[in-house]
Amino acid sequence: MIDEEALRSAYVFLTYLLAYLAIYLIVNLSLDLEYGKSGIPNFGKVLSVAAGAFVAGSIPGRLLGYLFNVYSGVSGITDPVVAECIRGLSPQKPTILDRMDYIEDNSIIVICINKVLYANPVLSIGILLMTLLMAAAVGAALGLVASYPALRLREDYLAMTLLAFGEFLTAIGYYTRDIVGGTLGVSVVDPFGWVGGEFRFLSATLIIAAVAGLIVLYVRLVSRSPLGRALRAMRDQEVAAEVLGKDTVALRRNVLMVSSAIAAIGGALWAFYAGGLIATAYDRATWTFLPWVMVILGGAGNEVGVLLGTSIYVTARALIDQYKGLLEPVLPFSVVWLDRLLMGIVLIVILIARPQGILPEKPVYPLGRARIRRIVEAVKSRSSS
Amino acid sequence: MAVDPLVRDAVIYASTLSMLSLGLTLTYMTTKVPNFAHGSLATVGSYTLLTFASVLKLNAYYSIPAAFLISGAVSAAFYLLALRPLINRGAGLLHQMIATIAFELVLIAALNIYADLITQTFRVQSRDVLLRRFDVQIEGIGPGVFLASIAFVAVTLTALVLLLHRTRFGVAMRAAIENPMLAGTLGVNVKLVYLFSWFLAGGLAGVSGVLLGLHYQQDPAFGSRMLVSIFASSILGGLSSIYGAVLGGFTIGLVEIYGIFQLSRAVGGWILPYRIVFPLLIMAVTLLVFPKGLSGLQLSGITARLRKGGGKGA
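In order, the protein sequence lines correspond to chains W and F.
Residue numbers for the first sequence, in this note's numbering: 125 to 509.
Residue numbers for the second sequence, in this note's numbering: 141 to 454.
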């Protein structure tokens, strides 16, 4: 007889763990593409993650609002479900029958739009894909902007510049109301809900995990391709790479555009998954510093290392969250700070004891080991005959 | 008649920012690594003030020497326990910068844990807390922190000028900054100079934190949020001269408080949330037009650069 309660909590724990792992894997791989593969120290990672999240928080909801014409009074609404939903909620706030504002009446608009999305899988998937594409485009544009200093500044100046500019969106998003609700935040429309209440988090988790899997595959393919070798050449011996005809300016620019697009997709997925966002959640400790910790911990330049580093942090974090109830009565402070304390200390120890990370970067073979062996055999037999 | 609150606000912010950027520049000049945790060292000072004023019920100004020593010791401990071993092992600049990130994570976590602890133990509010009521009021001027922040800058600069130009240790310090190898050959204890500069930078950040805490609402991330302005001030100052850093800090501080207020009167209040744009803009212009900052400024050089159409960056 299996304890149903325990099974249920294990299921909740594992889906949460998987979602968290997948989202950080996306962001960390984008950092690994920049730093691990190409040697660009991006200390402004949070910028593209926040951009993706802000796209998800501000664009699809507004757009669907225009599509159903919800802003200028309930009588003009084109969708009967939305109109009925708003009429139903109007006792809470009668003014919404005449006019609505996306930020002011955000929760009402999102609740009512979600009702349509739940009943319409095609629209839901369309909105998801459209938003991810938009997030990627915005991320790529920010990567293009970041490549300007990245091509011109020395390592330390670049680190300071990217860190400072990384704060830009978070600060403005928090202090202005119009983008993502400022100090109150916004609800985000839910493109996963149509699967059905019980499986909503599972399906959202699986979709994020699938995207993370695709990105792992992409980074691995790039790493094994001639492009990957060009990036490593640029990282290790820039002058030599240039002498051999590699355009390091274009390489840096393209890497930053692609990796920022990936990070922005991660940010958008996280906002959809959480169903809401507030600008302060996109701070540099969470989305710049922690990804750096995980990449350095696992081993920069090595996807398996990045996966390991991400798993270690995410598991530690999830376990601390899980056993909060046990720890909190013993400890006179909130346990949410323990993970950062531990990670900071672990990072310093790793930097001193094993600076290349737990799993250091290994030479990447463009062909499979077996095929290389066969070629070696063939060459040997030819030379001996 | 008391001082105009806006002027007061601007002077307190600009003075503390200039001292923070002085500290960052000092550690950058010696160990060549930008300290990403420098803002949080100020928060250590703010929480020393909170402990003195709210918990121990002492005069708020007694916390100034304590904050100097505590923040200085924390900063020196980081140098001794993390940075020096890394440098000895030949770690690159990037790994040193990442070590300061680890330091920032530890500091932020420790400050939050400390804030929880004093709330739970002493029933004292420790987040989003305004400590202005612990300040002294001076007849005809207003809160004492206004004068204290001016005095802080004046005393620090005088002491530094005397130290660097009138004492053997100061001369040794300048030599160690200028050419560490040669200074080492001549018997200067370069590592001691580095340790002292980390201690001093931390100490000045701690005092800045006390003064900021007497005027602004505090939370464990306050100093961390100032990091953008500290970087902007230091880059504007050129990262190669402590006087440049002070000048940079005053410029950015006054623009951020006074400049944006005047601008909001001219163009409307919508501009106020965009305050962060100003340090970023000044930083970008500095890097593009005169990457050596204020301390490397020569008028003929700038005009030549402008004629050539922008600089090549630092």
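None of these hints come from the bench; they were simulated from the model.
Note that the coordinates shown come from a computational prediction; the quantities given were computed from them, not determined experimentally.
Hints may contain errors.
Listed below are several chain F residues computed to face chain W (Cβ distance under 8 Å; list not exhaustive) [said to hold, decoys possible]:
#1 D149
#2 A150
#3 P225
#4 I238
#5 V246
#6 L257
#7 T261
#8 R263
#9 Q265
#10 V269
#11 P413
#12 L421
#13 I422
#14 L427
#15 F430
#16 L434
No residue lacks a Cβ here, since even glycine has one placed at the ideal position from N, Cα and C.
Hint check:
The interface hint given for F:D149 is broken, as the beta carbon of that residue sits about 17 Å from the closest beta carbon of chain W, more than 8 Å. At a threshold of 8 Å, the smallest CB-CB gap from F:A150 to chain W is about 19 Å, leaving the interface hint violated. With its C-beta approaching chain W no nearer than about 5 Å, F:P225 sits inside the 8 Å limit, and its interface hint holds. The restraint placing F:I238 at the interface with chain W holds, with a minimum CB-CB distance near 6 Å, inside the 8 Å limit.
Annotation: F:V246 was flagged as interfacial toward chain W, and the flag holds, the nearest CB pair being 4 Å apart, inside 8 Å. Interface restraint check for F:L257: the shortest CB-CB distance to chain W comes to about 6 Å, inside 8 Å, so the restraint holds. The criterion of a C-beta within 8 Å of any C-beta in chain W is met by F:T261, whose closest approach is roughly 7 Å, and the hint holds. Contact between F:R263 and chain W, as hinted, is not supported at the beta carbon level, the nearest pair being about 13 Å apart and thus beyond 8 Å.
About 15 Å separates the beta-carbon of F:Q265 from the nearest beta-carbon of chain W, more than 8 Å, and the hint is not met. Interface restraint check for F:V269: the shortest CB-CB distance to chain W comes to about 17 Å, outside 8 Å, so the restraint is violated. At about 3 Å, the closest approach between the beta carbon of F:P413 and any beta carbon in chain W falls short of 8 Å, and the interface hint on this residue holds. For F:L421, the shortest C-beta to C-beta distance to chain W is roughly 11 Å, which exceeds 8 Å, and the interface hint is violated.
With 8 Å as the threshold, the beta carbon of F:I422 stays out of range of chain W, its nearest partner Cβ sitting at about 11 Å, so the hint is violated. The interface hint given for F:L427 is met, as the beta carbon of that residue sits about 7 Å from the closest beta carbon of chain W, less than 8 Å. For the restraint placing F:F430 at the interface with chain W, the shortest Cβ-Cβ distance is roughly 13 Å, beyond the 8 Å limit, so the hint is violated. The closest approach between the C-beta of F:L434 and any C-beta of chain W is roughly 16 Å, which is over the 8 Å cut-off, so the hint fails.
Hint compliance for this structure: hints 1, 2, 8, 9, 10, 12, 13, 15 and 16 are broken, all remaining hints hold.
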